[in-house]
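In order, the protein sequences belong to chains A and B.
Residue numbering for the first sequence follows our numbering, starting at 1 and increasing by one per position.
Residue numbering for the second sequence follows our numbering, starting at 1 and increasing by one per position.
By construction, these hints were calculated from the structure, which means they are not laboratory data.
Note that this is a predicted model, so its numbers are computed, not measured.
Backbone N, C-alpha and C fix where the C-beta goes; we use that ideal spot for every residue, glycine too.
Keep in mind that the hints are not guaranteed to be accurate.
DSS-like cross-link-like pairs, simulated, lysine-lysine; straight-line CA separation at most 25 Å [said to hold, decoys possible]:
| hint | chain 1 | residue 1 | chain 2 | residue 2 |
| --- | --- | --- | --- | --- |
| 1 | B | Lys2 | B | Lys145 |
| 2 | A | Lys19 | B | Lys196 |
| 3 | B | Lys196 | A | Lys156 |
| 4 | A | Lys189 | B | Lys189 |
| 5 | B | Lys95 | A | Lys174 |
| 6 | B | Lys2 | A | Lys174 |
| 7 | A | Lys174 | B | Lys81 |
| 8 | A | Lys189 | B | Lys174 |
If the Cβ cut is set under 8 Å, some of the chain A residues that face chain B in the computed set are [said to hold, decoys possible]:
| hint | residue |
| --- | --- |
| 9 | Tyr27 |
| 10 | Tyr29 |
| 11 | Tyr114 |
| 12 | Phe120 |
| 13 | Ser126 |
| 14 | Ala127 |
| 15 | Gly171 |
| 16 | Arg173 |
| 17 | His177 |
| 18 | Leu178 |
| 19 | Val180 |
| 20 | Lys189 |
| 21 | Met197 |
| 22 | Leu200 |
| 23 | His201 |
| 24 | Glu203 |
There are 2 protein chains.
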Amino acid sequence: MKIITISREFGSGGRELGKKIAEILGYDYYDRQIISTIAERHDVDENYVEYALNNHTWQTIPLTFHHSFVSPAIFSMPHVKFLNEQKHVIEEIAKAGKNCVIVGRNADVLLEEYNPFNIFVCADMSAKIKRCQERAEEGENLNEKQIKKNILRIDKNRARTRFFLADGEWGHRKSYHLIVNTTDWDIDKLAQAVAKMVELHGE
Amino acid sequence: MKIITISREFGSGGRELGKKIAEILGYDYYDRQIISTIAERHDVDENYVEYALNNHTWQTIPLTFHHSFVSPAIFSMPHVKFLNEQKHVIEEIAKAGKNCVIVGRNADVLLEEYNPFNIFVCADMSAKIKRCQERAEEGENLNEKQIKKNILRIDKNRARTRFFLADGEWGHRKSYHLIVNTTDWDIDKLAQAVAKMVELHGE
Numbered sequence: 001m002k003i004i005t006i007s008r009e010f011g012s013g014g015r016e017l018g019k020k021i022a023e024i025l026g027y028d029y030y031d032r033q034i035i036s037t038i039a040e041r042h043d044v045d046e047n048y049v050e051y052a053l054n055n056h057t058w059q060t061i062p063l064t065f066h067h068s069f070v071s072p073a074i075f076s077m078p079h080v081k082f083l084n085e086q087k088h089v090i091e092e093i094a095k096a097g098k099n100c101v102i103v104g105r106n107a108d109v110l111l112e113e114y115n116p117f118n119i120f121v122c123a124d125m126s127a128k129i130k131r132c133q134e135r136a137e138e139g140e141n142l143n144e145k146q147i148k149k150n151i152l153r154i155d156k157n158r159a160r161t162r163f164f165l166a167d168g169e170w171g172h173r174k175s176y177h178l179i180v181n182t183t184d185w186d187i188d189k190l191a192q193a194v195a196k197m198v199e200l201h202g203e
Numbered sequence: 001m002k003i004i005t006i007s008r009e010f011g012s013g014g015r016e017l018g019k020k021i022a023e024i025l026g027y028d029y030y031d032r033q034i035i036s037t038i039a040e041r042h043d044v045d046e047n048y049v050e051y052a053l054n055n056h057t058w059q060t061i062p063l064t065f066h067h068s069f070v071s072p073a074i075f076s077m078p079h080v081k082f083l084n085e086q087k088h089v090i091e092e093i094a095k096a097g098k099n100c101v102i103v104g105r106n107a108d109v110l111l112e113e114y115n116p117f118n119i120f121v122c123a124d125m126s127a128k129i130k131r132c133q134e135r136a137e138e139g140e141n142l143n144e145k146q147i148k149k150n151i152l153r154i155d156k157n158r159a160r161t162r163f164f165l166a167d168g169e170w171g172h173r174k175s176y177h178l179i180v181n182t183t184d185w186d187i188d189k190l191a192q193a194v195a196k197m198v199e200l201h202g203e
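Here chain A stands alone, though its shape is the one from the complex:
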């Protein structure tokens, strides 16, 4: 079994890349379904799960959570409950034993014992802003400055979540097998290249 994890900067095209790699290799693909499963199990709205996971105040959590004592009271907080559930769901995916691509959710950290192939996807800020503009939903009309602010905020949260779960730094070369910058790539071609790399890695 081979597991590919994709961590990414917001707007870098990491999700699209992950999806295409899964298609090329015939792997299962997990992304949003993880949130849906958590929502279902707790009988709450998907958006609430997403919001709670991404927008909690980190001040309420000791940042050494993963190797120090913390008060049990913390586990009743929604985001901690959901983080735990997310961990379970991701572990269930791994235990199913099928080749898969998992985008986001710190799967690289959570599934460390399965030796996943860990990819980080980044892009230049101007490319990320452009991608966000092209993919904006109807009625959404943010200017460049607002989009950039969003990107930085979301990435800061992603970096913090990782810091909370593991020692390795988010987006740092030491934490991944591969870091790719999508800026001047055709995503289809890049997906082919990365899929080939994953195949060769296992040989």
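Assemble chain B onto chain A, guided by the hints.
Just chain B, lined up with the frame of chain A:
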């Protein structure tokens, strides 16, 4: 014409990787020859050039060198002279217009206008120490602690040289198209994968 530049942590196997990529793609390969050329032109020993380039005291140079005024006196210092000569040699290689792989020497920064494909090669510390031990010259008998100290010293110098030449950070994802960690790779297979990636990038 396509130029591939390889920057790397000491002991990560970046040079070996670069050489193999050049072989697979049939590209010219430049590494140590750059130093030899500088030595020849200044009629000095290769090792002196290497030493001067790697062991100067950065305190003597304003770190904003690349966009601020500095005293002309600085250009008479051997390391600055050699850095300038190195720049010329690398630019000559690019101007020759042939596909090539250039390892080290900040070719990624110096040849920015040629849009090279920039790769950074890293590895876990334990893998780098092992590689250094395997490649130690006869009579060289450093212990792990000494090897680690060497690795950190050399990498610190590389990071500083880059800082001196350009804004982008050494080893940071923003500065490269691709970062690969060689730790659990067979270098031959990784070279195949990266060569394939370079081919797809240009299509």
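Consistency of the hints with the structure:
1. At roughly 40 Å between alpha-carbon atoms, B/Lys2 and B/Lys145 are farther apart than 25 Å, so this suggested pair is violated.
2. With a C-alpha separation of about 20 Å, the suggested pairing of A/Lys19 with B/Lys196 holds against the 25 Å cut-off.
3. The straight-line distance between the Cα atoms of B/Lys196 and A/Lys156 is roughly 33 Å, outside the 25 Å bound, and the hint therefore fails.
4. Pair hint A/Lys189 plus B/Lys189 holds up; C-alpha atoms about 19 Å apart against a cutoff of 25 Å.
5. With a C-alpha separation of about 35 Å, the suggested pair B/Lys95 and A/Lys174 falls outside the 25 Å cut-off, and the hint is violated.
6. For the proposed pair B/Lys2 and A/Lys174, the alpha carbon gap of about 28 Å is over 25 Å, so the pair is violated.
7. Restraint check for A/Lys174 and B/Lys81: not satisfied, since their Cα atoms lie roughly 34 Å apart, outside the 25 Å limit.
8. Distance restraint check for A/Lys189 and B/Lys174: the Cα-Cα separation of roughly 20 Å lies within the 25 Å cut-off, and the hinted pair is therefore satisfied.
9. Below 8 Å, beta-carbon pairs count as interface contacts, and A/Tyr27 has none with chain B, the closest being about 17 Å; its hint is therefore violated.
10. Because the closest C-beta pair between A/Tyr29 and chain B is about 21 Å apart, greater than 8 Å, the hint is violated.
11. Given the 8 Å rule on beta carbons, the hint for A/Tyr114 is violated: about 14 Å separates it from the nearest Cβ of chain B.
12. For the restraint placing A/Phe120 at the interface with chain B, the shortest Cβ-Cβ distance is roughly 7 Å, inside the 8 Å limit, so the hint holds.
13. Hint status for A/Ser126 relative to chain B: violated, with the closest Cβ pair at about 12 Å, above 8 Å.
14. Violation of the interface hint for A/Ala127 is found here, the shortest Cβ-Cβ separation to chain B being roughly 12 Å, above the 8 Å cut-off.
15. The interface hint given for A/Gly171 is met, as the beta carbon of that residue sits about 6 Å from the closest beta carbon of chain B, less than 8 Å.
16. Contact between A/Arg173 and chain B, as hinted, is supported at the beta carbon level, the nearest pair being about 5 Å apart and thus within 8 Å.
17. With a least beta-carbon distance of about 5 Å to chain B, the hint placing A/His177 at the interface is held under the 8 Å criterion.
18. Here the hint on A/Leu178 is kept, as its CB sits about 6 Å from the closest CB of chain B, short of 8 Å.
19. Look at A/Val180: its Cβ gets to within about 6 Å of chain B, closer than 8 Å, so that hint holds up.
20. Interface hint at A/Lys189: satisfied, since its Cβ lies 4 Å from the closest Cβ of chain B, which is below the 8 Å cut-off.
21. Given hint, A/Met197 at the interface with chain B, holds; its Cβ is 4 Å from that chain's nearest Cβ, closer than 8 Å.
22. Checking A/Leu200 against chain B: minimum C-beta separation of about 4 Å stays under 8 Å; hint holds.
23. Taking 8 Å as the C-beta contact cut-off toward chain B, the hint placing A/His201 at the interface holds, the least distance being around 7 Å.
24. A least Cβ separation of about 6 Å between A/Glu203 and chain B falls short of the 8 Å threshold, and the interface hint therefore holds.
In summary, the numbered hints that this structure violates are 1, 3, 5, 6, 7, 9, 10, 11, 13 and 14.
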